[in-house]
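Colleague: Sequence:
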Amino acid sequence: MDSQKEALQRIIATLANKNEELHIFMETLSHSLASVQVNSTQAVSDLEEEFDNLFTVLDEMKESMTNTIKQEGAKKAQELQNQLTQSSSALESAEELLEFANNALDIKDEEEFTKAAKQIKDRVTMAPAFRLTMKPKVTDSMNHLMVDFSQERLLIQNLKFLPVPRAPEMDLGGCLVSDNTVSIAWTMPVEESKIDHYILEYRKTNHEGLPRIKDERCWEVVDNIKSTEYSLTGLKFDSRFMNVRVRACNKAAAGEYSDPVTLETRAFNFGFDSSSSHLNLRVEDSSVEWDPQAGKGLESKVKGKENKGSAHLTNLKNMARSGTPSPKRTSTTRSPAIRGGRDRFTGESYTVLGDSSMDGGQHYWEVKALRDCKSYSVGVAYRNLGKFDQLGKTNTTWCIHINNWLQTSFAAKHNNKAKSLDGPVPERIGVYCDVDGGQLSFYNAETKQLIHMFKAKFTQPLVPAFMVWCGGLSLATGMQVPSAVKSFQKTENGLGGSNSSLNSMAQ
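Quick note on UniProt numbering: the sequence shown kicks off at 1 and runs consecutively.
Treat the hints as calculated values from the structure; they're not laboratory data.
Heads up, some of the hints might be wrong.
[To be verified] Think about it this way: if two alpha-carbon atoms lie no more than 30 angstroms apart in a straight line, the pair counts; the simulated DSBU-like pairs of lysine-lysine are:
#, residue 1, residue 2
1, Lys18, Lys204
2, Lys236, Lys204
3, Lys457, Lys368
4, Lys137, Lys118
5, Lys457, Lys393
6, Lys419, Lys374
[What the hints assert, rightly or not] Cβ pair distances, simulated, as ranges:
#, residue 1, residue 2, range
7, Asp140, Glu191, 49 to 59 angstroms
8, Glu208, Glu49, 24 to 34 angstroms
9, Leu29, Leu370, 13 to 23 angstroms
10, Val57, Ser88, 31 to 41 angstroms
11, Ala117, Leu91, 33 to 43 angstroms
12, Glu191, Ser356, 45 to 55 angstroms
For every residue, glycine included, the Cβ atom is placed at its ideal position computed from N, Cα and C.
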């Protein structure tokens with residue numbers, strides 16, 4: 001019976017998976033069907049626009065070339081007209097001289113004849129008819145301004161649609177995730193000279209398999225990539241995985257997407273836990289600020305209730321001594337609740353914990369002091385802290401403490417012991433916690449220089465822990481362990497004893 005039930009459950013699970021696959025496939029088909037008509041109309045519009053642009057170019061070229069021919073024709077006509085005018089004037093002068101010479105032949109007086117002959121000779125020397133070039137300055141041919149479109153006509157007649165680019169192939173060896181940067185590389189299956197650019201899409205997801213049509217997040221688009229590689233930077237790794245795909249585009253068409261790859265982008269994400277916060281701390285998800293006025297009203301109410309509780313307890317004791325029975329039997333007597341949550345800190349423990357715990361693995365986050373913060377601590381702790389416990393003063397808390405009030409101090413603290421630290425306090429502090437390896441290290445977040453290292457055997461899950469007084473802290477999470485920190489941990493794993501006098505075995 002049980003085996004039949006198991007077999008039936010497997011069949012039901014298979015059918016459910018197949019149903020989900022069919023739903024996804026049908027949604028894909030419906031989406032594609034709707035897109036076909038839209039894309040078909042758009043393709044016709046784009047084609048008309050291209051031909052309109054071609055006609056516009058031809059019209060502009062025709063107008064420009066026509067103007068050139070007209071200008072050249074006007075220039076040649078002007079040259080020939082000038083020559084014609086000069087020739088007409090020379091002809092008129094030559095005809096007048098010819099008539100004068102014919103008349104000179106009839107002169108009988110030798111002296112008059114000689115004088116006339118000399119005048120004719122001088123005038124012939126200066127006559128414009130003999131000084132003109134009897135050759136046109138320009139030709140009447142305009143053939144040099146003609147255009148042969150035979151090759152262009154052949155090209156247009158052979159015009160074909162641009163091919164749709166093939167889908168790129170993702171280069172798995174070039175797809176790397178490091179230091180909150182995702183490097184993606186791809187190749188084209190064949191060399192295509194008309195690829196104009198690439199479009200990259202990525203999507204955060206907590207699903208390890210192939211991308212789903214209905215996923216919790218939308219695709220983010222990076223357009224106009226000119227090379228076959230790209231790096232995504234400035235990301236917060238707040239999901240377990242990232243889907244990445246690429247498509248190639250030529251001038252007119254975008255090709256199919258590459259087969260998507262899924263890259264692991266696991267990182268430690270947490271915020272401040274307001275339920276654990278001291279009353280004088282104003283907490284948001286990624287920032288905490290000191291607010292001295294925040295708890296005063298509540299504290300006065302609590303004191304009044306505590307006084308009533310104390311009086312009630314005194315009456316109970318007096319009745320017990322006198323043998324008078326209590327009017328109402330109670331098993332325990334408790335002070336009224338003074339905390340917003342079970343772990344809320346009070347007194348001078350201006351503490352707030354992270355809202356996520358670490359029970360294994362390697363984790364990294366960064367903290368930055370806001371404004372002129374007088375005093376703050378950054379570290380880790382077991383969650384079972386007492387409400388009056390202060391970071392670094394118990395054997396279940398490890399931290400570095402910065403004090404800028406009156407006298408500046410910079411120290412590592414654990415189990416009520418402190419070790420002064422050298423060097424300036426960095427603007428941002430990086431915290432690296434290797435729960436399994438028993439290491440807690442603090443770094444200058446900018447230079448990745450080690451500030452201090454604790455070594456301990458952690459026997460309980462850890463939570464990030466913070467103390468702040470007169471100022472505030474901002475928190476950056478969703479970060480991978482930086483490669484520089486990883487390298488340091490590998491090569492300098494034995495430096496913990498020399499860097500810390502507070503190494504301990506956590507009990």
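Colleague: Given a hint of 24 to 34 angstroms, does the C-beta separation of Glu208 and Glu49 actually sit inside it?
Modeller: Because 44 angstroms falls outside the window, the suggested range is violated.
Colleague: Is the Cα-Cα distance between Lys419 and Lys374 30 angstroms or less?
Modeller: Answer holds: Lys419 to Lys374 is near 19 angstroms, not above 30 angstroms.
Colleague: At the C-beta level, are Val57 and Ser88 separated by a distance inside 31 to 41 angstroms?
Modeller: violated (46 angstroms)
Colleague: With the threshold set at 30 angstroms, check whether the alpha-carbon distance from Lys457 to Lys393 stays at or below it.
Modeller: Within the cut-off at roughly 18 angstroms; holds.
Colleague: For the pair Ala117 and Leu91, does the Cβ-Cβ distance stay inside 33 to 43 angstroms?
Modeller: This hint is violated: roughly 23 angstroms between Cβ atoms.
Colleague: Is the hinted range of 13 to 23 angstroms satisfied by the C-beta distance from Leu29 to Leu370?
Modeller: 53 angstroms Cβ-Cβ, so the 13 to 23 angstroms window is violated.
Colleague: At the C-beta level, are Glu191 and Ser356 separated by a distance inside 45 to 55 angstroms?
Modeller: holds (49 angstroms)
Colleague: Measure nothing beyond the straight line between the CA atoms of Lys137 and Lys118; if it is 30 angstroms or shorter, mark the hint as holding.
Modeller: violated (34 angstroms)
Colleague: CA of Lys18 to CA of Lys204, is that 30 angstroms or under?
Modeller: holds (25 angstroms)
Colleague: Decide if the proposed pair is consistent with the structure: Lys236 and Lys204, CA atoms, cutoff 30 angstroms inclusive.
Modeller: Cα-Cα ~10 angstroms, so holds.
Colleague: For Asp140 and Glu191, compare the CB-CB distance with the range 49 to 59 angstroms and indicate the outcome.
Modeller: Since Asp140 and Glu191 have Cβ atoms about 53 angstroms apart, the given range 49 to 59 angstroms holds.
Colleague: CA of Lys457 to CA of Lys368, is that 30 angstroms or under?
Modeller: holds (28 angstroms)
Violated hints for the displayed structure, listed by number in ascending order: 4, 8, 9, 10, 11.
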